[in-house]
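In the order they appear, the protein sequences are chains W and Y. Per our numbering, residue 1 is the first one in the first sequence, and the count goes up by one each step. Per our numbering, residue 1 is the first one in the second sequence, and the count goes up by one each step.
It is worth saying that the hints were derived from the structure and are not from the lab. Possibly wrong hints are sitting among the right ones.
Note that the list lumps identical chains together, so a pair holds whenever it fits in one copy or between two copies.
[Said to hold, decoys possible] Capping the alpha-carbon separation at 20 Å, the derived lysine to any residue pairs in SDA-like fashion look like this: (1) Lys334 / Glu172; (2) Lys334 / Glu354; (3) Lys334 / Asp271; (4) Lys334 / Gly358; (5) Lys334 / Tyr356; (6) Lys334 / Ala18; (7) Lys334 / Gly372; (8) Lys334 / Gly355; (9) Lys334 / Ala367; (10) Lys334 / Leu410; (11) Lys334 / Glu223; (12) Lys334 / Asp277; (13) Lys334 / Glu169; (14) Lys334 / Leu400; (15) Lys334 / Gly29; (16) Lys334 / Leu280; (17) Lys334 / Arg284; (18) Lys334 / Ala175; (19) Lys334 / Thr371; (20) Lys334 / Pro144; (21) Lys334 / Gln226; (22) Lys334 / His289.
Residues per chain, in single letters:
There are 2 protein chains.
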Amino acid sequence: MNPATTTEAAPRHAAAIAALDQTTVHLAGVRLAGEVSDIVGPRSFLHAGPPIQTGDLLGPMRAAAMGALVLEGEAADLNEAGRIIDGGGLELRSAHEAGGLSAAAGVISPSIPVVVARSAGGREAFAPLHEGNDMPLRYGAYGPETLARLRHLATRTAPALDAAISASEPIELTAVQAEGLRRGDECHNRNAATSAAIVLALAPALVRGDGELAAAFLEEVAENNQFFLGFSMAAAKVIGDETHGRAEPGIVTAIAANGRHVGIRVSGCGDRWFTTDAPLGEPRVFEPHTLADACPLMGDSFATEVMGLGALASSAAPALASFLGADPLDAVAKVSEMRGICAGESSRFLIPFEGYRGTPIGIDVTAVCQTGVAPLVNGGFAHRTPGVGMVGAGVVRLPLEPFHEARACLAANTDDKGEVTAWQ
Amino acid sequence: MNPATTTEAAPRHAAAIAALDQTTVHLAGVRLAGEVSDIVGPRSFLHAGPPIQTGDLLGPMRAAAMGALVLEGEAADLNEAGRIIDGGGLELRSAHEAGGLSAAAGVISPSIPVVVARSAGGREAFAPLHEGNDMPLRYGAYGPETLARLRHLATRTAPALDAAISASEPIELTAVQAEGLRRGDECHNRNAATSAAIVLALAPALVRGDGELAAAFLEEVAENNQFFLGFSMAAAKVIGDETHGRAEPGIVTAIAANGRHVGIRVSGCGDRWFTTDAPLGEPRVFEPHTLADACPLMGDSFATEVMGLGALASSAAPALASFLGADPLDAVAKVSEMRGICAGESSRFLIPFEGYRGTPIGIDVTAVCQTGVAPLVNGGFAHRTPGVGMVGAGVVRLPLEPFHEARACLAANTDDKGEVTAWQ
């Protein structure tokens, strides 16, 4: 250590906090997954969560893979798609391996449009463009309407959005998220105001492109108050990856689930996933469904919690509580609990109702293990049966096991007091 | 009273609460004031607040009147406009006399575009379409850019918006306001999310009209996070007037100020204004201005407080606090204080952070007098010097005098316990 700096103790996890707090992310484009990732191909798709064998796929994720095989023209129908999967003809990899995220039970095939986000330093990541809420692939729908909408997204909407992005002033996604917290969004399960904001930001250039296409898009997207989610996730993945590369050991840089397993990635532990059985929690289940209908946790969108949004910003989005079956009056307490396991606070993601206090950032594996307090995440739940769709939403507490495993992995980097040393 | 209903005591102020709580208001159009009101003419303008003599006009309101005379072609320049006013050649009436509202220091001349709102029962009211925040007429700016923008609004934007409204599905303004509270707006001094919402609602039809005009409008309006204010005010005026006509005596149905005087109108007291000197309060003043630069309270936008929004919904809009120089942590206490002087609670304007409790509605003159707690309103302040613009914003407590005067007026309707009787 430089003697000149020893008079001031460097704050614990300073590099992690800097990466989480200061990485600005801009919108780079909306492209097809096949153009963005080399490992996405006609029979090579991406899924959410830690790696999973095709034989282990739960109903809705298998359904999404079947639908995507038909979408790509690899299968004439869903039956043939099922046979391709059962015969080992489809390769499925964790989206994280491709530098992106997938959504819930959905898969990413070459013609799925993805939002591409980029840091000031040039790091890119992607996440699926939101399909809408009526029978989406990401909750295991695979019927003709679902595939027709995806085709329209790929052939019409995505190119128009990409051209509009190129023609517009740069859009800082992290700034849209920060303003979102002032507009009642937590930028994971509530994106009502941020969806309107990103659409308005792109609208002038969209309209100057194909006017009738723009009008139809504006009409459809007005119904989709989660449209921003893909943008938020892409930004979150950039920041999670940036933090993974720069943080001291022991900071959670990814949280993801595939319905079988939930996993975390931790700085200092490389690409390893620490996993356990995916939890279900006690979500609010939409009638006429029951809790027994719901698959356990799925999705990569918990990247937003990694960056200090989602459940870690609950007190900015009290109106989300009724959707999640939670009490808005508990929101500050929830965030306060998360502060106890985080290494710092954001200086840009400010919660007006907490006197503009920053959201907690940098989930600290050591703090989780020492306190026994596991992170909360906001989540949506898919029906176990293919083709049914979303059945519920809720705040879910992650299991502690992956954190204890990660701590064991970090043990090689601990000092004699059991603290993870920061600068090895 | 019908004997069949005497077993349940009718709630106090039931008719007022019903009018305030259940009057739904839709967007009817955007038109020029001269088309909407017979009493608006080339030399007959409307102003905010209780009636005022032209000789008593404060700087910015006089400046707005001068600018409007040039806008209408009645004066070749501002000097001539001043001479017209000084020579008694301009008639100025309270906008309330025309069934509308004016904004801050602004005036309404025939070619000023106004938002027209309409209740389900057919009651209409209007308020100026928001000009933008760069040197607007409503804060006493009267230069060429200000007038050019108003001309563009009148000749291009207003007709396009009106056509889009006709071509779109009906837009319920009261529903936009209710959703606004879930998105951090109080729909008076903060309209960031509601502005985006109303623009998005009209965008498809706008784009299907003149595409390039639509693109330019979408570009400009993205900078204007108060665009919804005129829509919110027009809805508020409909509800204030509906309540005035239906409420039991003693409910505040208008709050307005002209810089000299602030006044209230009260159900049961006809068209009479109860007035006193306009307050200034302790607003946050934008640098480089000082408090001495600011005119006392002006404007008709306190109609939003009458309907249970604005300061009465502070706890829905914590992000407004920094703009107003207030503490977001005080917001619930402020609303709680207002609950003590209101006759009821809204069942549709719900504050997520208060567990979806409704905003207080129906400011009760008797309760104000008995408690000594005067209503709070959110306000913006104009520079005393013509042409300078907005210099500050703040939460202002109304003076008590008008409420005591109103109570004296209501005395003819009181019983021997000093309570205002509700059903005379």
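- Contradicted hints - numbers only: Violated: hints 1, 3, 6, 10, 11, 12, 13, 15, 18, 20, 21, 22.
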